[in-house]
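Please model the complete structure; the sequences and the hints are all you need to start from.
Residue numbers (full-length UniProt numbering), protein chains in the order written: chain S, 1 to 264; chain B, 1 to 264; chain F, 1 to 264; chain X, 1 to 264; chain V, 1 to 264; chain P, 1 to 264.
Errors might be hidden in some of the hints.
What the hints assert, rightly or not - The following label-pair restraints were derived from C-beta to C-beta distances: (1) B/Thr143 with X/Arg15: 37 to 43 Å; (2) F/Arg157 with B/Asp195: 46 to 52 Å; (3) V/Arg260 with P/Ala158: 35 to 41 Å; (4) V/Gly201 with F/Ala41: 41 to 47 Å.
What the hints assert, rightly or not - To give a feel for the contact side, a few chain V residues facing chain S, derived at Cβ under 10 Å: (5) Gly27; (6) Gly80; (7) Pro99; (8) Asn102; (9) Thr156; (10) Lys191.
These are computed hints drawn from the structure, not numbers from a lab. For every residue, glycine included, the Cβ atom is placed at its ideal position computed from N, Cα and C.
Number of protein chains: 6
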Amino acid sequence: MTGATTIDGFARRIRSGGGGLISAWIGIPDPLFVNHLAQEAFDAIVLDMQHGVWDIGSAAVGIGQGRLAGKPVLARIPVGDFASASRLLDAGASGIIAPMINSVSDAEAFAKATKYPPVGERSWGPTLAINHTGLSAAEYLATANEETLAIAMIETRAALDAADEIMRVEGIDGIFVGPSDLSIALSDGAKLAPDTAEVDGVLKHLIARCRAHGKFGCVFGSNGERAGELLKIGFDFVIAGADTQQLRSGAASAIAAARRVQAS
Amino acid sequence: MTGATTIDGFARRIRSGGGGLISAWIGIPDPLFVNHLAQEAFDAIVLDMQHGVWDIGSAAVGIGQGRLAGKPVLARIPVGDFASASRLLDAGASGIIAPMINSVSDAEAFAKATKYPPVGERSWGPTLAINHTGLSAAEYLATANEETLAIAMIETRAALDAADEIMRVEGIDGIFVGPSDLSIALSDGAKLAPDTAEVDGVLKHLIARCRAHGKFGCVFGSNGERAGELLKIGFDFVIAGADTQQLRSGAASAIAAARRVQAS
Amino acid sequence: MTGATTIDGFARRIRSGGGGLISAWIGIPDPLFVNHLAQEAFDAIVLDMQHGVWDIGSAAVGIGQGRLAGKPVLARIPVGDFASASRLLDAGASGIIAPMINSVSDAEAFAKATKYPPVGERSWGPTLAINHTGLSAAEYLATANEETLAIAMIETRAALDAADEIMRVEGIDGIFVGPSDLSIALSDGAKLAPDTAEVDGVLKHLIARCRAHGKFGCVFGSNGERAGELLKIGFDFVIAGADTQQLRSGAASAIAAARRVQAS
Amino acid sequence: MTGATTIDGFARRIRSGGGGLISAWIGIPDPLFVNHLAQEAFDAIVLDMQHGVWDIGSAAVGIGQGRLAGKPVLARIPVGDFASASRLLDAGASGIIAPMINSVSDAEAFAKATKYPPVGERSWGPTLAINHTGLSAAEYLATANEETLAIAMIETRAALDAADEIMRVEGIDGIFVGPSDLSIALSDGAKLAPDTAEVDGVLKHLIARCRAHGKFGCVFGSNGERAGELLKIGFDFVIAGADTQQLRSGAASAIAAARRVQAS
Amino acid sequence: MTGATTIDGFARRIRSGGGGLISAWIGIPDPLFVNHLAQEAFDAIVLDMQHGVWDIGSAAVGIGQGRLAGKPVLARIPVGDFASASRLLDAGASGIIAPMINSVSDAEAFAKATKYPPVGERSWGPTLAINHTGLSAAEYLATANEETLAIAMIETRAALDAADEIMRVEGIDGIFVGPSDLSIALSDGAKLAPDTAEVDGVLKHLIARCRAHGKFGCVFGSNGERAGELLKIGFDFVIAGADTQQLRSGAASAIAAARRVQAS
Amino acid sequence: MTGATTIDGFARRIRSGGGGLISAWIGIPDPLFVNHLAQEAFDAIVLDMQHGVWDIGSAAVGIGQGRLAGKPVLARIPVGDFASASRLLDAGASGIIAPMINSVSDAEAFAKATKYPPVGERSWGPTLAINHTGLSAAEYLATANEETLAIAMIETRAALDAADEIMRVEGIDGIFVGPSDLSIALSDGAKLAPDTAEVDGVLKHLIARCRAHGKFGCVFGSNGERAGELLKIGFDFVIAGADTQQLRSGAASAIAAARRVQAS
Ligand SMILES: [Mg+2]
Ligand SMILES: [Mg+2]
Ligand SMILES: [Mg+2]
Ligand SMILES: [Mg+2]
Ligand SMILES: [Mg+2]
Ligand SMILES: [Mg+2]
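Here it is in structure tokens:
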């Protein structure tokens, strides 16, 4: 069991650039599922509200179940749902990933919801976060803008064009690249191809821009091998397949092993 | 997508002895989780209410989500909770696994709750089951005792001693051996060792007694390889690890692959 | 909106024999559904936990939603689940219907769970019931055995044989006849026929025995017409079809009307 | 039980104009309720999140329970909640109805969220939809813009004025007229009168504009008879009363029948 | 038990200015919790969706549980989530508190969602509200703009500057001052200090402006004493600490009393 | 934040007799409520399933939310629901309180469900408990009978008579006295009077018998002062009022303070 200190040092770890972090990615809205997956050697957990089925009620307890296993829990919000970003931070999320941040104004709206003044306009009310961190209200106010992360997704042509300006928006801590949507965008809807050389070129460009801006870079990898490649490209935080991918590959392996032994 | 016919032919498949079936085993009480896991090549799904966290409300929709993927869904009830056995059949379960059936009277109470007269005293009210099977009320009444399964767990010394009599109880369709509890029982609480030669001896004895009684035999295997061995022993229906085992092994593989590629 | 007084006078109304009551019967475990159905001219609402999907959490709020509409809410428990009987009364249920009360000992166990000493051994803790009735703790203790009802289902051959003795058990306030199960029992599983002359004969016999014992009689009718006949037989409390029957007949009528007008 | 093919042919059926479809309309957020209502002869099911109580978690399983009964399930989103539109499609919805589409920019925002590039900017992640349709990821991407429907509600004066332009927005597949809000708007809040000649005039105008634009037209009818009239006006998809209307009319009929027989 | 009349007279009470009202404030999303707290001498209940964990499903039943205890229930929505404002009114909320209303356009969007034409554009569908109030549809339409409240939060520098104009927006019934956010804003994020003389000055100014505009004024007080001071300042509706504050202070008192007696 | 070690040392603390422990007592089935209350200086948390509204699903996450705050969480089961006792231990409960243990056979059934062989027949499957404690399966099996507590409630005349024999049953770790039910039982239902001299006499007798048997004694106190008295009598573990008592007294104090200041 890892203590609160480890969890709450997460922001420093991801910013330090000292080694790639691997996170779980969970769309199934079950708090116990989070606790089980958090037993494995993940550095963090992401609850996906955009393509997954979490809502604020399940996420608030899911965040707790991940922290109980010693892991920081982030959440990806639905497109443009910045009100939920604030609510998830109140519930103890260590960071928010916002999809489809395609412009400076998107980024500003995101930072406004996730950072207290003077950076943004996040509203006060972090009752659960204070429970979980053990900080006083004053300590929480003084440190939250630093300790909780606002991570902007870059996954469209418009976002690529605006990437430098987005990274310059005060309050944006890092970026998260979505290769699937990027590949659909780059092909004008013709294909889903997140692992091509074309996409890799974009990824390398973006991680270089992160370095230039002193921001960290995150990315979705569709499985373990791809995650390893993305770490080699230089990403600070990678996904090694979503929950359903890991669940189903584990099940498929078990079935295959059973049939192989049966046939032996 | 498999149709209702396949699902509702499950009882005939397991009774036919024509080849071992492999089932998923789910303790995490999330209906969508069921749907995802049911996409893999499982012959059935078991929702575990004894050591898992399902209740009647989540199970009723979980059964539907498994059937939606074309798979029959069974449920294991908590110890002695025969009232739930009836409720789960009403909700469309294809069979009930009852833990700790240690005596003829346990088996009779189980059959009483799961079989309509004259075999038992199951009470009428299968509204969801009728929705799901497309049968008329009269057809359902005429076929349910045959089409839905009552499966008695053998997992204590007392149950081993009474196994022949339990299999003779009218309405008991098959047995399910629990090697973990059996190993704890056989060692008087000293060890959890479900995969020893001693346990294998018991398993072989029990599957032979199944054959003698014309009943089918099911068993829990803690992973794919073990499931394969259990199929070779002759079991008709095996588990290849629980949901958390498959989920976590899939995740562990992904993390290991990522770290391996990263280090390459 | 009917006030608490009306709700809490329910026990007196059903005991008075002054006119047949009609109750809704709900298996779908949704509190808002209760509130909608309770707007119609029902005298009471029954939440069915035996063949329906209610659990204690949904039922506790469902009871409130029915009371909010001015209606007393009863609950049918799963077979033998007398622990839930107490919990439902704590949550404000106006009565409990227990299925498959086949013997004096079944009836005694039921009364033990639902009546405070000296009649039974119901345990103290009616926090929500006290909220809802506005009684003090002392008032609640003094009146609960009278104001909340224990209703035993008679629906097997054994129960028919024991009906007189069951009605004599202290704490049993009335009976509820289940014609579906009764018809299955009387035919040894051959048919579901709740509306035959044979069943009617049994119903008339039972309502006569109720009169003899000074108990009230309840019965399930599968639709409105049948409910009317059962009222004429003399039952004090009847069901006019379950929720799904009423929902689906309302929907079927609407579809039929639409197609008729469309074709006109 | 209808197979997946029928469900997924829904878009072609509604576009074909070959006969009016009748859909259920459900605001009560219970997945089992969906399954029960879907047994009746509806061509589709709509889950109402605007005036009903569905959220993403209940809707995701509700969609499954409708599909399990062989019916396509659509959802109406809250006003302007286009992020939920994408999430519902990911969960397997066959179409989205968006209320209060009053301008071209409203329509464009709606299409952006529900159609993949190059039409819109729907983000990739249809895990459940892929489970339910049995399509590969590539097949889903290639067909989703055609097979899932974006339906714009016309229910204000502004929307009436902009109706032609709204129908011209790429990605808008059809319209859905809301006569209740329309009548309130046309009377400046003075009355709720969805079934007047004035409203009928608007409806006829709108269905004519649909024909001109090659779009389909949907409309809410408050009961079966009204639905039939709306079909005669030429609508392709009509509602024959909401869930509560059908439920309560079914219950009222049963009570009335019971009292009539009782008094006979 | 207070009847529906009292609940539905709430708008007149708060507008009358005849005496300060004290409301509960609940972030824990449990309907039964609402019922328990509503037993105390509160004039109203607020469910907090901005910093609390309510969603529409829990709030719809929570509103019912508060009304069941005879209390009007209001809700605070997440920032900018005006679609939920309409849904909560449909579910029977007596008013909506919208956070971060910083401009006339914010206020107009809020009024548009909560008031029927001609004031706003609230969409028709108050099924539960009609159940709870016992009004006919026509009566509800005629009275809802008056009987349900739109309350704008003033809690930033921008909002202070625009306060007069915000109060002039048609449909805005009153304001609610958030001293915590206000203190953070006024200190540019340096401190959380809701109870200072500087804040009190602002509060007095705002309540004077309320009087000038004929609007009522509400405010959050972090405990009972502070609530009393705020009533003396002239607020019409005050909070005397959130649910967790009251819960924890009650628990802390009990522990302290136990330890004191133990040590005596 | 207290670590896992403290939580899992709870059994040793309560057995040591070195000072009275005070526990929270929660009937409201909300996991976040647990987390908030666990912030106060309680030594443990009890989730009440007998008179409270917890079920296995909410309790499994509630246990986690209490542990997240560094507190051991116990659960009281419904009367006779020993199957749930096992499930709650699997979910990480530190102990089970069983109501109405009136005889040696009740106590034996309770111990059978909560202790592994050779003491009892608890079935293997503590997946969440292993997550939470960080023990290996072998370690958990070796220590669980010692580290998790089976606590028998003594609250009827029969239980008083059998108290010595109940305490001698192997596997029963301690007793929990229920003064409310005891007072009802002793008065044959005439009064609820948990704090009388007569009850105190019984409590002193029982704590003396605990000492004689080397068992620990627990008791329910209806508020803080009473809890202090019970600690002085010598109880090892006391309740200082239920959740609703603490919540409502905290709220009542706040309202009173507000009205006092307002009137000053
Ligand atoms: Mg994306
Ligand atoms: Mg076992
Ligand atoms: Mg029956
Ligand atoms: Mg409308
Ligand atoms: Mg604020
Ligand atoms: Mg007790």
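Here's how the hints hold up against the structure:
{"no.": "1", "hint": "B/Thr143 with X/Arg15: 37 to 43 Å", "in the structure": "holds (41 Å)"}
{"no.": "2", "hint": "F/Arg157 with B/Asp195: 46 to 52 Å", "in the structure": "holds (48 Å)"}
{"no.": "3", "hint": "V/Arg260 with P/Ala158: 35 to 41 Å", "in the structure": "holds (36 Å)"}
{"no.": "4", "hint": "V/Gly201 with F/Ala41: 41 to 47 Å", "in the structure": "violated (58 Å)"}
{"no.": "5", "hint": "Gly27", "in the structure": "holds (7 Å)"}
{"no.": "6", "hint": "Gly80", "in the structure": "holds (6 Å)"}
{"no.": "7", "hint": "Pro99", "in the structure": "holds (6 Å)"}
{"no.": "8", "hint": "Asn102", "in the structure": "holds (8 Å)"}
{"no.": "9", "hint": "Thr156", "in the structure": "holds (7 Å)"}
{"no.": "10", "hint": "Lys191", "in the structure": "holds (7 Å)"}
Violated hint: 4 only; the structure is consistent with all others.
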